[in-house]
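Asker: Sequence:
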Amino acid sequence: MAEYRIDELARLADTTVRNVRVYQDRGLLAPPRRQGRVGIYSEAHLARLRLIGQLLRRGYTFANIGEMFQVWERGGDLSEVLGFESAIGDAWSDEIADYISLGDLRELFGKGVTPKTIKRALDLGVLERDGLRFRVPSPRLLHAGVELVKLGMTVGSVLDIAENLRDKIGHVSEHMIRLVSDHIIAEYTAGSVLQPEDIAKIAELIRHVRPLAQQAVDAVLAQEMANHLTNIMGDHFADGMETLRSEGLTNQDQDDPHGP
Numbered sequence: 001m002a003e004y005r006i007d008e009l010a011r012l013a014d015t016t017v018r019n020v021r022v023y024q025d026r027g028l029l030a031p032p033r034r035q036g037r038v039g040i041y042s043e044a045h046l047a048r049l050r051l052i053g054q055l056l057r058r059g060y061t062f063a064n065i066g067e068m069f070q071v072w073e074r075g076g077d078l079s080e081v082l083g084f085e086s087a088i089g090d091a092w093s094d095e096i097a098d099y100i101s102l103g104d105l106r107e108l109f110g111k112g113v114t115p116k117t118i119k120r121a122l123d124l125g126v127l128e129r130d131g132l133r134f135r136v137p138s139p140r141l142l143h144a145g146v147e148l149v150k151l152g153m154t155v156g157s158v159l160d161i162a163e164n165l166r167d168k169i170g171h172v173s174e175h176m177i178r179l180v181s182d183h184i185i186a187e188y189t190a191g192s193v194l195q196p197e198d199i200a201k202i203a204e205l206i207r208h209v210r211p212l213a214q215q216a217v218d219a220v221l222a223q224e225m226a227n228h229l230t231n232i233m234g235d236h237f238a239d240g241m242e243t244l245r246s247e248g249l250t251n252q253d254q255d256d257p258h259g260p
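So for the sequence shown, full-length UniProt numbering puts the first residue at 1; every next one is plus one.
Quick caveat, the hints were computed from the structure, so don't treat them as lab data.
Computed from a predicted model, the values in this text were never measured in an experiment.
Don't take each hint at face value.
[Claimed, not checked] DSBU-like mimics (lysine-lysine), calculated; alpha carbons at most 30 angstroms apart, straight line:
hint, residue 1, residue 2
1, Lys150, Lys168
2, Lys168, Lys119
3, Lys168, Lys116
4, Lys150, Lys119
5, Lys111, Lys201
6, Lys201, Lys150
7, Lys150, Lys116
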């Protein structure tokens with residue numbers, strides 16, 4: 001399970017350190033685990049923080065939100081509540097974030113590292129600022145970019161791929177989650193506050209859906225990549241054949257001055 005310091009937690013939840021402390025003071029967010037003088041937060045903290053932010057944006061008050069959390073905690077086992085929040089907030093990947101310096105980026109990507117490409121990578125979430133260095137949420141994604149650049153692609157083109165993936169997969173994942181919620185999770189939450197006795201069931205459903213979603217995306221991606229590769233290479237070879245045919249006719253015309 002990932003662990004965060006308060007500044008990193010606030011950034012990932014799109015809030016401020018001050019807000020995190022306010023939510024703790026009001027009893028909406030559990031205190032962190034102490035490691036010396038440093039507070040260490042978990043994925044469950046991140047999940048609850050994101051949920052608090054979502055509810056506040058929808059117009060609910062601290063009192064409303066606190067009441068809902070109290071319903072959960074009074075009627076449910078604390079481990080089940082934490083399990084539910086972890087199911088929502090846990091990363092859907094076993095990747096461990098890495099850190100990289102500007103010098104490291106220049107070593108990997110050469111002249112493609114410019115203020116413009118760094119800003120774009122930050123906007124896309126490929127990189128995150130962490131003081132004088134950068135946090136890499138997905139080292140696999142970064143590694144794929146490095147390999148594509150080695151093969152001859154520009155950093156800009158690699159970022160185009162990342163942006164397209166973020167956009168298209170983002171829409172697909174939102175649609176998938178909404179359908180799962182409408183057809184499965186809504187059975188437990190329709191018309192009422194989520195009840196404590198249902199928390200463990202929904203957490204289990206979420207954990208069950210995760211690998212299914214990944215399998216579905218992997219399967220469709222593999223099929224579509226194969227189809228598009230065949231089509232694009234077919235077009236490429238057809239263009240090549242036309243070029244050869246054209247060159248052949250030209251050579252024949254040169255050999256026969258009287259023409260056909």
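Asker: Now tell me, hint by hint, if it's right for this structure.
Answerer: Now the hints, each set against the structure:
1. Lys150 to Lys168: Judged against 30 angstroms, a Cα distance of about 25 angstroms means the pair holds.
2. Lys168 to Lys119: holds, 21 angstroms
3. Lys168 to Lys116: holds, 23 angstroms
4. Lys150 to Lys119: Satisfied, since the Cα-Cα distance of roughly 21 angstroms is no more than 30 angstroms.
5. Lys111 to Lys201: Not satisfied, since the Cα-Cα distance of roughly 52 angstroms exceeds 30 angstroms.
6. Lys201 to Lys150: violated, 47 angstroms
7. Lys150 to Lys116: holds, 20 angstroms
The structure does not agree with the numbered hints 5, 6 stated previously, though it agrees with the rest.
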